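Take a look at the letters that make up each chain.
Number of protein chains: 2
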Amino acid sequence: MAKHTIIFDKRPRILSTGTVAGPKECAGVVGKYVDKALADDMFGESTYEKAECKMLTYAIGKAIENAGMKEEDIDMMISGDLLNQIISASFAARDFDFPFLGVYGACSTMSESLALAAALIDAGYFKRIVAATGSHFSSAERQYRYPLELGNTRPPQSQWTVTGAGGTVVADGGSDIAVTGATFGKVVDFGITDVNNMGAAMAPAACDTILTHLRDTGREADYYDLIVTGDLGALGSRIVKDLTWEKGVDIQPNHVDCGEIVYNVIEDEFQGGSGAGCSAVVFSSYLYDKLKRREINRVLFAATGALLSTVSSGQGESIPCICHAVSIENVR
Amino acid sequence: MAKHTIIFDKRPRILSTGTVAGPKECAGVVGKYVDKALADDMFGESTYEKAECKMLTYAIGKAIENAGMKEEDIDMMISGDLLNQIISASFAARDFDFPFLGVYGACSTMSESLALAAALIDAGYFKRIVAATGSHFSSAERQYRYPLELGNTRPPQSQWTVTGAGGTVVADGGSDIAVTGATFGKVVDFGITDVNNMGAAMAPAACDTILTHLRDTGREADYYDLIVTGDLGALGSRIVKDLTWEKGVDIQPNHVDCGEIVYNVIEDEFQGGSGAGCSAVVFSSYLYDKLKRREINRVLFAATGALLSTVSSGQGESIPCICHAVSIENVR
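In the order they appear, the protein sequences are chains A and B. Just remember that the numbering used here sits 9 ahead of the position in the first sequence, which is counted from 1. Just remember that the numbering used here sits 9 ahead of the position in the second sequence, which is counted from 1.
With the rest of the complex left out, here is chain A (with noise of 0.2 angstroms):
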């Protein structure tokens, strides 16, 4: 059987976050804890996708400046985003003069960056590296679905994607918040075709990573004061939790789905928020924040990523999906 999951000797450390999010999303609840609350979200730009590039580069910016750190103290950015060519990344990778490497995991991009620049700095290679995500609702809407002009009606098994992004910077010391172990998963596909069900698209493969996480552990799910997924939605949290339970691992009293929880009052967002930015916001600016006061001292962070594309669906593909999971741990 491959081998899915590293444990971190050295236990690479978080030393600080950036985060930036949209006013729909900073009326929820990562609205006290970003760097930055947007009014307008276009940032000054004149396109939503020059908006979400400069969120991009804030988030990265700011977490090195949160760090108390400058540009040259940093030896690489780890970064993918949902746009084509994740130009988001690349772009926002032009402005900084350190290494980029590009990843492309969908919606799962803030475990996946954050598993791989954990790895690279306990192999001793890099000392400080930047992982981080964004995504925006306009920039995402018309890129995967309609054009916002439309007006189309929106699906009840439909998610908001989340106006924000989030880095944060890896070290080899400095914090208490370490990056202890990463599981890699594996691509699963139920066969969903629904290109507005994400949630039940996606929950087979966050079960899978969760169980691969704990089977490779030897941990009980109850070792964690949360697990959290990316953006499964609420039906996708519900999936998720019926198809733990029938493997026999109650994940019940301590999931949390970021998504689910990211917009206080639901209007048009029925299952709650998605997108890469989802995940990067709350477990960057709330979720940290917790992680810090030590009001949580365990996390399986282990979001999850759709790897369609409207091509694929468009020649009757179903959607694989692929979920990333990183334990953060309190270890003084």
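To be clear, the hints were calculated from the coordinates, so they are not data collected in a lab. Treat the hints with care, since some could be wrong.
Subject to a maximum C-alpha distance of 25 angstroms in a straight line, what follows is the list of computed PhoX-like cross-link-like pairs (lysine-lysine) [said to hold, decoys possible]: (1) 299/A to 79/B; (2) 79/A to 256/A; (3) 301/A to 19/A; (4) 19/A to 79/B; (5) 12/A to 79/B; (6) 19/B to 301/B; (7) 12/A to 301/B; (8) 301/B to 19/A; (9) 136/B to 136/A; (10) 19/A to 256/A; (11) 301/B to 136/A; (12) 12/A to 45/A; (13) 12/B to 12/A; (14) 79/A to 12/B; (15) 79/B to 136/A.
Just so we're clear, the structure is a prediction, and the values are computed from it rather than from any experiment.
Dock chain B against the given chain A, drawing on the hints supplied.
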């Protein structure tokens, strides 16, 4: 200054490769060396995208088979491609029961995935990883440029996306061909906005990473038998030789570009081949064969990527580019 280069103490080995290419490509230099030469670039599929995915799946499976291994011997695959949301890689990963790390580096994907695979093996996290990528002329053309049916005239500075895929098995031993180091590139943007002139856009990134690699390792250019770029084409190759020369480094005697050599007879291909599959196929077939025969023993493999999208170009942006380099040496 950010640290760009890793020297791999354990020198992970390239165990095997698997390659497939289209008819136009197999009329050229790789024809004698690929595992499968396609008579029809549809590869029995109904769409170009599905053909591209099938090529990548084939290359991964064949690399595993050529290593004398089975699927269950592999710990992970690292892959990406040019299609939106890297669907070729994601859908190829669906066919295998090991973890998947999605990366995006455009045409630099082969060196990016090789560098990451070597790092994760050198660190002792995994034993055997497949690094793979591919591209398809017809899927790239209709995604990035125009529908083929339009019959658009191609400008003389343009290149031809290679139809093909290549995969390698990187392992913790078992061969004399080692990945001895990796240099991760930063984004370089010289302000080129002509989407048909990728060679000119990417050459400065290649120059930056090659010079950084030589500086970090204290090596002269003639340490390497070959300094191999990915798909700069004829014009881009001239530019990278000029740019490095201006910096006091002469790569002219040992530089070769996969895009410049992949097609024997230039008809519509103008500057030569391009695409993630270009360096993947040329390296994994033709150059790998020369390494095995010890006709060459030290190669710096520096594939470049143009990190644009149709949206970024449409919004007036220039083309940010990147180059990741791996040094590959016979170490017996």
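Here is how each hint holds up against the structure:
1. For the given pair, residue 299/A sits about 45 angstroms from residue 79/B by alpha-carbon distance, which is inconsistent with the 25 angstroms threshold.
2. Pair hint residue 79/A plus residue 256/A does not hold up; C-alpha atoms about 47 angstroms apart against a cutoff of 25 angstroms.
3. The straight-line distance between the Cα atoms of residue 301/A and residue 19/A is roughly 20 angstroms, inside the 25 angstroms bound, and the hint therefore holds.
4. In summary, the hint linking residue 19/A to residue 79/B is not supported, as the alpha carbons are separated by about 32 angstroms, beyond the 25 angstroms threshold.
5. Restraint check: the Cα-Cα separation between residue 12/A and residue 79/B comes to about 14 angstroms, which is no more than 25 angstroms; the hinted pair holds.
6. The suggested pairing of residue 19/B with residue 301/B holds, with an alpha-carbon distance near 20 angstroms, which does not exceed 25 angstroms.
7. Proximity of residue 12/A to residue 301/B is assessed by CA-CA distance (about 29 angstroms); at most 25 angstroms being required, the pair is judged violated.
8. As the CA atoms of residue 301/B and residue 19/A are separated by approximately 37 angstroms, the hinted pair breaks the 25 angstroms bound.
9. For a cut-off of 25 angstroms, the pair hint linking residue 136/B to residue 136/A stands: about 24 angstroms separates their Cα positions.
10. For the hint linking residue 19/A to residue 256/A, the alpha-carbon distance of about 32 angstroms lies beyond 25 angstroms, and the restraint is violated.
11. Taken as a hint, the residue 301/B and residue 136/A pair is broken in the structure, with Cα atoms around 36 angstroms apart against an allowance of 25 angstroms.
12. With a CA separation close to 40 angstroms, the supplied pair residue 12/A and residue 45/A exceeds the 25 angstroms bound.
13. Among the hinted pairs, residue 12/B with residue 12/A is inconsistent with the structure: their alpha-carbon atoms are about 29 angstroms apart, more than 25 angstroms.
14. A distance of roughly 14 angstroms separates the Cα atoms of residue 79/A and residue 12/B; the hinted pair therefore holds under the 25 angstroms criterion.
15. A C-alpha spacing of about 36 angstroms is found between residue 79/B and residue 136/A, which places the hinted pair above 25 angstroms, so the restraint is violated.
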